[in-house]
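Chains A and B supply the protein sequences, listed in that same order. Residue numbers for the first sequence follow the UniProt record's numbering, so the first one is 1 and each next one is one higher. Residue numbers for the second sequence follow the UniProt record's numbering, so the first one is 1 and each next one is one higher.
Quick caveat, the hints were computed from the structure, so don't treat them as lab data. A hint or two may mislead.
Not the full set, but computed from the structure, chain A residues with beta-carbon under 8 Å of chain B [what the hints assert, rightly or not]:
no.: 1; residue: L81
no.: 2; residue: A135
no.: 3; residue: G139
no.: 4; residue: S159
no.: 5; residue: P169
no.: 6; residue: Q206
no.: 7; residue: I214
no.: 8; residue: L215
no.: 9; residue: I233
no.: 10; residue: P236
no.: 11; residue: R237
no.: 12; residue: Q239
With a cut-off of at most 27 Å between alpha-carbon atoms, the simulated BS3-like pairs for lysine-lysine come out as follows [stated by the list, open to error]:
no.: 13; chain 1: B; residue 1: K123; chain 2: A; residue 2: K196
no.: 14; chain 1: A; residue 1: K172; chain 2: A; residue 2: K196
no.: 15; chain 1: A; residue 1: K92; chain 2: A; residue 2: K281
no.: 16; chain 1: B; residue 1: K123; chain 2: B; residue 2: K60
no.: 17; chain 1: A; residue 1: K196; chain 2: B; residue 2: K196
no.: 18; chain 1: A; residue 1: K76; chain 2: A; residue 2: K188
no.: 19; chain 1: A; residue 1: K240; chain 2: B; residue 2: K196
no.: 20; chain 1: B; residue 1: K123; chain 2: B; residue 2: K188
no.: 21; chain 1: B; residue 1: K172; chain 2: B; residue 2: K196
Residues from chain B that keep clear of chain A, each with C-beta distances beyond 10 Å, as calculated [said to hold, decoys possible]:
no.: 22; residue: D23
no.: 23; residue: D61
no.: 24; residue: T63
no.: 25; residue: R124
no.: 26; residue: D138
no.: 27; residue: S159
no.: 28; residue: K196
no.: 29; residue: L210
no.: 30; residue: I218
no.: 31; residue: S228
Ideal placement from N, C-alpha and C gives every residue a C-beta, glycine not left out.
Protein chains: 2
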Amino acid sequence: MSANQEIRVFAPATVANVACGYDVLGFAIDSPGDEIVVRNSNKPGLQITKITGDDGKLPKDPTKNTAGVAALDLLKHLGMLDRGIEMEIHKKMPFGSGLGSSSASAVAGAFAVNKLIGEPLSKRQLLPFAMAGEASADGAWHADNVGPCLLGGIVFIRSNEELDIAQIPAPKNLWAAVVHPDIEILTKVAREILPKEIPLENATQQIGNLGGLILGLIQEDYGLISRSIHDVIAEPRRQKLIPDFYKAKRAALSAGALGFSISGAGPSVFALCEGEESARKVGAAIEKVFKEIPVNCQLHISKINPHGVHVVS
Amino acid sequence: MSANQEIRVFAPATVANVACGYDVLGFAIDSPGDEIVVRNSNKPGLQITKITGDDGKLPKDPTKNTAGVAALDLLKHLGMLDRGIEMEIHKKMPFGSGLGSSSASAVAGAFAVNKLIGEPLSKRQLLPFAMAGEASADGAWHADNVGPCLLGGIVFIRSNEELDIAQIPAPKNLWAAVVHPDIEILTKVAREILPKEIPLENATQQIGNLGGLILGLIQEDYGLISRSIHDVIAEPRRQKLIPDFYKAKRAALSAGALGFSISGAGPSVFALCEGEESARKVGAAIEKVFKEIPVNCQLHISKINPHGVHVVS
């Protein structure tokens, strides 16, 4: 690579808390996502030279910026904190949408810098550094957005503490309709609304459904996927934070969705569908419900994105 | 079939509540198990003519006998309650062992009668009738013993209410060491010891481990299986009912077991192992702990039994 070459990467939005996969499952979609550009610099250390699309909200101090923290954590690990690197961050997805915005920045930051310095680590090995970036924004240590954003596809988290994650092959014709209504949900509120204790019976139902969803995905059994996409833990509590949630859910299921639930901590919602045509129909039905309230919203139709973060030319 | 031909079937013991698979997972082993013999009779209706191995504890009235209820439920469904059938029940496994004794009888009863009358239903279709037999003994509607006893292999229960179950392929070299210590645990006590509510954090851990176990089984990843076999819900409470449970667990893991937990509601315990040699070593280590107490016990070493109930000659 020439000294003045630059690397531009794209890190996609992700859907975490996939219904019964609350806290253990996430998947990547094609767009929206964040872009980060890095290039070598004569000035030692990492500098964030430009941020766009953030309405001036993000700090340029790399020690306080999600992408910066991820990159610095990686460089520190490699003993390369003195390396001169310039970083530009182009936020192309909204904050607090439930689509893994901070994860996308953290993953893009670690991935871009790793590429620039000659790719000493594999994608998989970048996980803890991206997690550190995400944790700096979010305060929590969760791989359910970072994992799929980095690796692509559907990612299952056995344990966040042990960073024990596994990729699940996505059925070929599995599509998502993701709708982001323009309302604000504070992650703190979405977390506090969950109880500390839940009925054992609910845990058993959730476990049954999560196992069914994993088997359904692996066996490409859309019927089993559909019977399994139910969240009896987070969704019944968090739905109150999203206007007309159940109306949107009924609309999605009536239009043929396999299942429907909240993306991350909301306010975005997602439906899984068999095929693009179904996803478009379902997405339109969900969008209609929000627009009638009226709440403005953005619709994203996407196959499960198998690639995760990648270099763009 | 000639009018005086008889059918002899064998239904195997099963391990349910497979650690993190509490209430959703079960598997069949080769032995012990129950045998049932059925033959045509000139006297209308089902009669239980002989029961062995039960110390006189089981009723010969078919409406009060687990195998009888399963068979009658099937015959009623088929409109054949008048059919003359003689049934002999040979109990070859202990009651209240946590090895699915009543399920084995229920499955054998339904399966044997279905064979005798020309096999109008598939194995899978016999599930609700065997469940009815099991429920008559146990009072609960659980498929985690009946499912694997009927179908063989490892069976996952998405929902007992919907009878939505799926078979999971067993890794080729997966063996179980099952030890039945001669102590009594009343199912009622084992159930009442479980709380009505559990911490959300425990539910999430259990969900993570259950997903990991399913993926590990499907991908034949013994490391992932081993990392996933943990029960944070039932085992910590029920272990008190089994003397030196943790000593036996330590012995099993030290001897190389992938994981160790309680079979069903106990008192039997099981270890999953990679290979027969490992299972024999682990089984001996567990046996030694119980014998030192001293508690008498029976050891069963078995591959995961892929067949379930079957006709024997």
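When the hints from earlier in the document are held up against this structure, which numbers fail?
-> Result: hints 1, 2, 3, 5, 10, 11, 12, 13, 14, 18, 20, 21, 22, 27, 28, 29, 30, 31 break, sorted rising.
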